Amino acid sequence: MVHDFGLLIKTATRLERRIDAALRKECEISHTMFEVLIRLCRQPDEEISQRRLADDLTLTSSGITRLIDRMEATGLVRRVPAPGDRRSVLVEPTGPGRTVFLRAAAVHAQVVEQYFVAPVTPADYGRLTRSLGEIEKALGDT
Numbered sequence: 001m002v003h004d005f006g007l008l009i010k011t012a013t014r015l016e017r018r019i020d021a022a023l024r025k026e027c028e029i030s031h032t033m034f035e036v037l038i039r040l041c042r043q044p045d046e047e048i049s050q051r052r053l054a055d056d057l058t059l060t061s062s063g064i065t066r067l068i069d070r071m072e073a074t075g076l077v078r079r080v081p082a083p084g085d086r087r088s089v090l091v092e093p094t095g096p097g098r099t100v101f102l103r104a105a106a107v108h109a110q111v112v113e114q115y116f117v118a119p120v121t122p123a124d125y126g127r128l129t130r131s132l133g134e135i136e137k138a139l140g141d142t
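Letter by letter, the sequence shown follows residues 1 to 142 in our numbering.
Read the hints as simulated data drawn from the structure, not as lab findings.
What you are looking at is a predicted structure, and each value in this text was computed from that prediction instead of being measured.
Careful: at least some of the hints might be erroneous.
[Claimed, not checked] Derived Cβ-Cβ restraints for the label pairs, each shown as a range:
| no. | residue 1 | residue 2 | range |
| --- | --- | --- | --- |
| 1 | G140 | R86 | 30 to 36 Å |
| 2 | G140 | A12 | 18 to 24 Å |
| 3 | G63 | L7 | 24 to 30 Å |
| 4 | L128 | R98 | 27 to 33 Å |
| 5 | V89 | V112 | 27 to 33 Å |
| 6 | P122 | R70 | 36 to 42 Å |
| 7 | L102 | L7 | 32 to 38 Å |
| 8 | D45 | R70 | 21 to 27 Å |
| 9 | K25 | M1 | 35 to 41 Å |
| 10 | L128 | D45 | 29 to 35 Å |
| 11 | L57 | R98 | 17 to 23 Å |
| 12 | Q114 | K137 | 26 to 32 Å |
| 13 | K137 | R24 | 29 to 35 Å |
| 14 | G126 | R78 | 36 to 42 Å |
Just so it is clear, CB atoms sit at the ideal spot from N, CA and C, and this is done for glycine as well.
Given these sequences and hints, build the entire structure.
Next up, the structure:
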């Protein structure tokens, strides 16, 4: 059991590194930046706070601040005041940020297909994703 769990962690870490390397090479963004852009671009009418991004990505307040600082400096996102709450800051993608997101989504999909989907049969892939879903459900919101 310990070996199996170690294999899961090792495999997930290696896949994450492949995705990150491809995104850095092709789009000049990190995998974490891509995760921010996913949340901002998939639901363009939704207001997303910096705090919510930190929670979603399990980053500290200072970690998300530094990340958004870098993304803002490269023109991918902008911060805007939250209406009705002076303490909260919303983050939204810029036009160039949306363009990078579309390119990055294609790169991400290619790497996931190559290293996560293609190596196993469709039946095994279905079992894997169902099993991961059951594990996620058992973990709940902890």
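**Message:** 35 to 41 Å was suggested as the range; check whether the CB atoms of K25 and M1 agree with it.
**Reply:** At roughly 37 Å between Cβ atoms, M1 and K25 fall inside 35 to 41 Å, so the hint holds.
Review point. Is the hinted range of 26 to 32 Å satisfied by the C-beta distance from Q114 to K137?
Key: Holds: the Cβ-Cβ distance is about 28 Å, inside 26 to 32 Å.
Outcome of range test on Cβ distance (L128, R98; 27 to 33 Å): 32 Å, holds
Check: Between P122 and R70, does the beta-carbon spacing fit 36 to 42 Å?
Finding: 39 Å, holds
Kindly confirm whether 18 to 24 Å is satisfied by the beta carbon distance between G140 and A12. Holds: the Cβ-Cβ distance is about 20 Å, inside 18 to 24 Å.
- Query: Does 24 to 30 Å hold as the CB distance between G63 and L7, or does it fail?
  - Reply: 28 Å, holds
ask   = Can the suggested window of 21 to 27 Å be confirmed for the beta-carbon pair D45 and R70?
value = Holds, at about 25 Å.
The hint says 17 to 23 Å between L57 and R98; measuring C-beta to C-beta, is that right?
19 Å, holds
task: Check the following: the C-beta atoms of K137 and R24 are separated by a distance inside 29 to 35 Å.
output: Check passed, 33 Å falls within 29 to 35 Å.
request  = Kindly confirm whether 27 to 33 Å is satisfied by the beta carbon distance between V89 and V112.
outcome  = 31 Å, holds
Note whether the CB distance of L128 and D45 lies within 29 to 35 Å or breaks it.
34 Å, holds
| query | Does the Cβ pair L102, L7 satisfy 32 to 38 Å? | reply | 34 Å, holds
Violated hints are absent here; each numbered hint is respected by the structure.
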